[in-house]
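Undergrad: Letter by letter, the chains look like this.
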Amino acid sequence: MTLTLFFEQLLNGIQFGMMLFLMSAGLTLVFGVMGLINLAHGVLYMVGAFACALVAGITGSFWLGLVASLIVAAMAGALIEVGVIRRLYKRDHLDQVLATYALILIFSEATRWLFGSFPLYLDVPDILAQPISLFGLLDYSSYRLFIIFVGIIVAIGLYLLITKTRLGMRIRAGESDREMIAALGVDIRTLYTLVFALGAALAGIAGALLGAVQSVEVGMGGPVLILAFVVIVIGGIGSIKGAFIGALLVGVVDTMGRFLLPYLMTFLFSPETAANVGGALSSIAIYILMAGILIVKPKGLIKGAGS
Amino acid sequence: MMLSVNREQKLNISFIALLFILPAVALSMDEPFYITLMTKVVILAMAGVGLNLALGLGGLISFGHAAFFGIGGYAAGILATHYMNDELLFSAFGYEYFGTDNMLAIWFAAMFVGAIAAIIIGYFSLRTKGVYFIMITLAFAQMIYYFAIAWPTYGGEDGLSIYVRNNLFDLNTLDPIIFYGICLSLLLLVTFLVSTLRNSHFGSALQAARQNEQRLASVGIRPFGIQLTAFVISAMATALAGALFADLNRFVSPDMLSWHTSGEIMIFVILGGVGRLFGPILGAAMFIVFEYYLGGITEHWGLFLGIALLAVVLFARGGIVGVIAGEVKHD
Amino acid sequence: MKKIALAMALGLSVTALSAAPVKVGMITTLTGGGASLGIDIRDGFMLAVKQANNPDLSVVVEDDARKPPLAVQIADKMIQREKVDILTGIVWSNLAMAVVPSAVAQGKFYLSPNAGPSALAGKRCHENYFNVAWQNDNLHEAMGSYATKTGYSKPYILAPNYPAGKDALTGFKRLFKGKLAGETYTKLGQKDYAAEIAQIRASGADSIYFFLPGGMGISFMKQYTQSGVRLPIMGPAFSFDQGILKAVGKAALGVKNSSQWNKDLDNAANQAFVKSFSSEYGRLPSLYASQGFDTANLILSAMKTADVKDTDAFRAALNKADFNSVRGDFKFAANQHPIQNIYVREVIEENGVLTNKVISTALENHSDVYGAKCKL
Amino acid sequence: MTKLVLDIKHLEKKFGELKATDDLSLDLKAGEIHAVIGPNGAGKSTLIKQICGELTPDSGSVEFLGEDVTNLDVAQRANLGLGRTFQISSLIMEYSALRNVMLAVQSVQGSSYRFFQAIARDYKQRDAAMECLTQVGLQDRANICAAQLSHGERRQLEIAVVLALKPKAFLLDEPMAGMGPEGSKRLTEFLDTLRHQSPILMVEHDMDAVFSLADRISVLVYGKIIMTGSVEQVRNDPLVREAYLGEQ
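Protein chains in written order, with this note's numbering: chain E, 1 to 307; chain R, 308 to 638; chain S, 639 to 1014; chain W, 1015 to 1262.
FYI, nobody ran anything at the bench for these hints, they're computed from the structure. Being a predicted model, the structure only gives us computed values, none of them experimental. Among these hints, one or two may not hold up.
[As the list claims (entries may be wrong)] Straight-line Cα separation of at most 30 Å, DSBU-like style, residue types lysine-lysine; simulated pairs:
| # | chain 1 | residue 1 | chain 2 | residue 2 |
| --- | --- | --- | --- | --- |
| 1 | W | K1043 | E | K297 |
| 2 | W | K1238 | R | K436 |
| 3 | E | K299 | W | K1028 |
| 4 | S | K792 | S | K888 |
| 5 | E | K299 | W | K1063 |
| 6 | W | K1138 | E | K303 |
| 7 | E | K164 | E | K241 |
| 8 | S | K942 | S | K688 |
| 9 | S | K721 | S | K661 |
| 10 | W | K1180 | W | K1028 |
| 11 | R | K317 | E | K241 |
| 12 | S | K947 | S | K913 |
| 13 | W | K1017 | E | K297 |
| 14 | W | K1017 | E | K303 |
| 15 | W | K1138 | W | K1180 |
| 16 | W | K1028 | R | K436 |
| 17 | W | K1028 | E | K241 |
| 18 | W | K1033 | W | K1199 |
| 19 | W | K1033 | E | K241 |
| 20 | S | K969 | S | K811 |
| 21 | W | K1238 | W | K1043 |
[Unchecked claim] Derived contacts from chain R toward chain W, CB cut-off under 10 Å, selection only:
| # | residue |
| --- | --- |
| 22 | H389 |
| 23 | A422 |
| 24 | L478 |
| 25 | T480 |
| 26 | F509 |
| 27 | Q514 |
| 28 | A524 |
[To be verified] Covered, in the sense of this in silico footprint (three residues per stretch, anywhere, with C-beta under 8 Å from a C-beta of chain E), are these stretches of chain R:
| # | stretch |
| --- | --- |
| 29 | 340-348 |
| 30 | 454-468 |
| 31 | 577-586 |
Just so you know, even glycine gets a beta-carbon here, dropped at the ideal spot from N, CA and C.
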């Protein structure tokens, strides 16, 4: 094992962390402001990926697809909020779980009806298709660097939005006291629709960005949903900062676990057993991490709203 | 003494009657498949009744009950496989154990292993509250799920086939109606126990813990112990259901441990009515009937199932029992 | 979705053979992850049924959504309620393991159009179980043999951490003579392979063999192309077949993969199949479609000489495999798994569409190693 | 010297930079009523929470009946005989008044792990609970759901619950809060008789009640006890008048 490989893996971990952050930022935002458990988050991720693949397929431009993913996911989000979610804020978590689970079924099946069962084609834009050399040491996918870049932009954007804008002020007010902002005369219904649409747009754009390096197919949102929940629970539900830290932590632990655990196991077992045991351990590494953190800090690393 | 029967009790009684009448009808019409389908309902309902104890009475929203369902299933599968292949399961103090095909022993083992797992998972999970509890129970279940997929000894993702159903006394357990009878008896027994528990001293403390933990502690009853006990009993019922499910399908697989299974068990409970004695049973029945009939009509049955579930949440608060029998009454 | 597909030919009142009608129950994956495989199997199967136009054959199809318990429930229903004679259709090994043992124990025939878990080929083989596709190890063995012949000395191999993944790498290693640069088991359903690609790069491998079915393979290929690592890639047909190539895109060009079938195999049955499938469904057939097609034709061939109610005679008729397989020569080994050629294909672009071309034969008249353990 | 029932020594609790409890020492003797008064934000709730075990102090200790209970949790302290009421009624809202009290009786019985006996058949528990309800005058409301009781009745129920615990010391967090003048008067009389059963440490805003009940008064300002003394001493202390009474 060389040092270069180690750093490359660390970079991979951070990069994966950024992907996770993109997936989970919207989820934690919606929970923080509305106290809503949104299982349909993964579905919005899928909607974004499909919109991007469709538009990119027609126009030939990935960037137009990205814009489309943003718009379509936000619209789908607003539609869901107005049609269903709005009625659930006052309900307990159980009703929210059931309703958003139902939304998963509805959206997945509707998407299959429209697009069929075969995976869609979506590739990275040509300009980012070639690897670039980092410090002359290794070739690294330029698209992955782009994802790190987008992750940072989104993090900064959300930070500015929440701390510096009027909307952000209302969001913060909503996090701390839901009755108060209504008393302040803020139109809470519109605010919630807006926040939900924003959360959906974040999910959608994550779906489009990751769809280009993964596969665009019905059901792609399921694993993402679970990962995003792991991230925001580790970080502290409702906290964007927590989601950022949680995502990086999960990204690095998962990547380094996949890389190091099988390697470490070779000191204990034969190569084949090592691959088996290491593989098994690394697939549960992030859950062990999550359980461990919650045992020590039952409310996640960063104190978030609504917890 | 006059027995006053409220609407919920009437509903429960008529539903029990249906559980007896329908299979008899299916039997007389020579439609064994419907008996099999009802057996599935009864078994899944038992998993739901188990979860309902933790979730409905204790307010412990466990998103990881598939872990116990699957553990129960694997306990049955592993014992039966060892017995069939005459392979050593373990040896201790010079005693060698080769598994069993005796259902009683299998049920006991399933509940025992389920209880051990629940003590460990509950001990750590109960330190957290709310959404964190939901997620940490999910995390534990996912650990077991991925472990089961990757662990080759008992089939990994391919699962484990039992080939022949296990035995109970001299009954022909392969006969659908007899196996149904076994499962129904156990369901009624478990439901009766949960009902007894609900009205007991323990049940009183448990339901108080759901509503106001602070109050319970301040009168000197530790919520943790009460909740952990409820969690363990709940897991045992779900593990028993898992063992029966293994025998029904003559097969166990990690699918039983997946988060979808946890979600489905939870849906039975919510659909039927949280905290209602017969809620999970009605919920499971509705769900299976829906899945079965819609599946027979359209390839896109998921869409309609989704719409139906959504309609229940939005317009039928308190689940099916809630709609028919009204709000919960406490004395 | 109960589709009684064939209730046709009502006009025909006289049938030459008074054999009992045959009812086939198809349990396959039509929704959820991997639905495209089930759809292809069904479409291939139904095409053959339609072409045969045999009023004695009826088919019921149901979706298992890739859930083992649901597959078991449907199997129970088909046996107990629909009273089918033959079951078929299952795509996945784990579902097959859930359904097959108890179905054949109840005296039904099961014909596998895709999955071939080792247990069913060896110790747990059954006289009523026929595999019309391949034993799970076959395509991987072929690639192992190809890698040896091509002179690769240090391949890096990876597969998901589940039984089929382990069978895959075991199969590859069985016929590969040489050292491995590395061996990795990834998490089932994993979508990010940056860590694995970095390890491959660092391992000094001279080639890569992977078995990552479905979306996993698509993700791996895309990410591999962007990584700048340029090693020859090998895989089983699953990640490079017709249904999935479009989603992988040009990244797949030049990849060598193993298959017992390809649309350019030079036999009359195959040419007719490719032509009619394309015109019927408006897409090129896949490996899975060919397997579905062969399965239906095998049943039809047996129906010509035997009555399905006479189980022994029908079994013997199936065992003869007296039909024109689209893969050319096809017969059953003693364990009722195929003996067939396995080819190496290369992904090419043809008229703007990505597809495969056979470049060599990896293994001739190949069967599996588990047959020795089967006591048939 | 009378034996100390509660002995609180050098308690400290910080929330960030804010010292909510600052080197606080306080005691409760057998047979007395000790009232803690102080302006809003003085740290009264934080103090109560540390005494009953909801909050752990940063440093200092709480001794109850000669035993160090600083590291015990709420339930353990309650079992030792520390009976506490809440400032804002904290009841089991879906339970009837009687069931609320029965829960406390059950705790004393130690019967919370009885799984099979129906609670409806436990007449001993029911009778004991009924007796406590009668003591606070709620006997006619026994079967009314806590959620449907009036505010004043809930305060009474709080007291009934704590009576059922047969505590060795009462810890009352603003028992008069939200009671009408009539109700306050009756409760004051009732608490006066209660002191013979067990001593009372109470935090209270209602000065009439405090002055008529308390044997000793401690004045809490910014987390510190600025003085402890008799009613007369407190009434006449200029510092107290300035810091606290002067506000009114």
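Undergrad: Give a verdict on every hint.
TA: Comparing the hints with the structure gives:
Of the supplied pair hints, the one linking K1043 of chain W and K297 of chain E is violated, its CA atoms being roughly 39 Å apart against a limit of 30 Å. Between the alpha carbons of K1238 of chain W and K436 of chain R the distance comes to roughly 33 Å, so the proposed pair goes past 30 Å and is violated. With a C-alpha separation of about 20 Å, the suggested pair K299 of chain E and K1028 of chain W falls inside the 30 Å cut-off, and the hint holds. Proposed proximity of K792 of chain S and K888 of chain S is supported: the alpha carbons are some 25 Å apart, at most 30 Å.
Between the alpha carbons of K299 of chain E and K1063 of chain W the distance comes to roughly 21 Å, so the proposed pair stays at or under 30 Å and holds. As the CA atoms of K1138 of chain W and K303 of chain E are separated by approximately 46 Å, the hinted pair breaks the 30 Å bound. Restraint check for K164 of chain E and K241 of chain E: satisfied, since their Cα atoms lie roughly 16 Å apart, inside the 30 Å limit. Using a Cα cut-off of 30 Å, the hinted pair K942 of chain S and K688 of chain S holds, with the two alpha carbons roughly 16 Å apart.
With a CA separation close to 8 Å, the supplied pair K721 of chain S and K661 of chain S stays within the 30 Å bound. Straight-line distance between C-alpha atoms of K1180 of chain W and K1028 of chain W comes to about 33 Å, which puts the hinted pair past the 30 Å bound. Taking the CA atoms of K317 of chain R and K241 of chain E, the gap is about 53 Å. The hint is violated against a cut of 30 Å. Among the hinted pairs, K947 of chain S with K913 of chain S is inconsistent with the structure: their alpha-carbon atoms are about 35 Å apart, more than 30 Å.
As the CA atoms of K1017 of chain W and K297 of chain E are separated by approximately 41 Å, the hinted pair breaks the 30 Å bound. Under the criterion of a C-alpha separation no larger than 30 Å, the hint pairing K1017 of chain W with K303 of chain E is inconsistent with the structure, at around 44 Å. Proximity of K1138 of chain W to K1180 of chain W is assessed by CA-CA distance (about 15 Å); at most 30 Å being required, the pair is judged to hold. The suggested pairing of K1028 of chain W with K436 of chain R holds, with an alpha-carbon distance near 24 Å, which does not exceed 30 Å.
Between K1028 of chain W and K241 of chain E the alpha-carbon distance is near 25 Å, which keeps this suggested pair within the 30 Å criterion. About 35 Å separates the Cα atoms of K1033 of chain W and K1199 of chain W, which puts this hinted pair outside 30 Å; it is violated. For the hint linking K1033 of chain W to K241 of chain E, the alpha-carbon distance of about 28 Å falls within 30 Å, and the restraint holds. In summary, the hint linking K969 of chain S to K811 of chain S is supported, as the alpha carbons are separated by about 26 Å, within the 30 Å threshold.
Of the pairs offered as hints, the one joining K1238 of chain W and K1043 of chain W holds, with about 20 Å between alpha carbons and a cut-off of 30 Å not exceeded. Annotation: H389 of chain R was flagged as interfacial toward chain W, and the flag is violated, the nearest CB pair being 34 Å apart, outside 10 Å. Because the beta carbon of A422 of chain R sits about 15 Å from the nearest beta carbon in chain W, more than 10 Å, this interface hint is broken. Interface hint status for L478 of chain R: violated, as the beta-carbon distance to the closest one in chain W is roughly 29 Å, over 10 Å.
Because the beta carbon of T480 of chain R sits about 30 Å from the nearest beta carbon in chain W, more than 10 Å, this interface hint is broken. Against a cut-off of 10 Å between C-beta atoms, the interface hint on F509 of chain R holds, since the closest Cβ of chain W lies about 5 Å away. Restraint check, Q514 of chain R versus chain W: the minimum CB separation of about 8 Å is within 10 Å; hint holds. Of the supplied interface hints, the one on A524 of chain R holds, with its beta-carbon coming within about 4 Å of a beta-carbon of chain W, less than 10 Å.
By the rule of at least three residues with a Cβ nearer than 8 Å to a Cβ of chain E, the coverage given for the stretch 340-348 of chain R is violated, with 0 such residues. Beta-carbon proximity to chain E at under 8 Å applies to 5 residues in the stretch 454-468 of chain R; the threshold of 3 is reached and the given coverage holds. Remark: the stretch 577-586 of chain R is confirmed as covered by chain E, as 3 of its residues place a Cβ nearer than 8 Å to a Cβ of that chain, reaching the required three.
Taken one by one, the earlier hints fail for this structure at numbers 1, 2, 6, 10, 11, 12, 13, 14, 18, 22, 23, 24, 25, 29, listed in ascending order.
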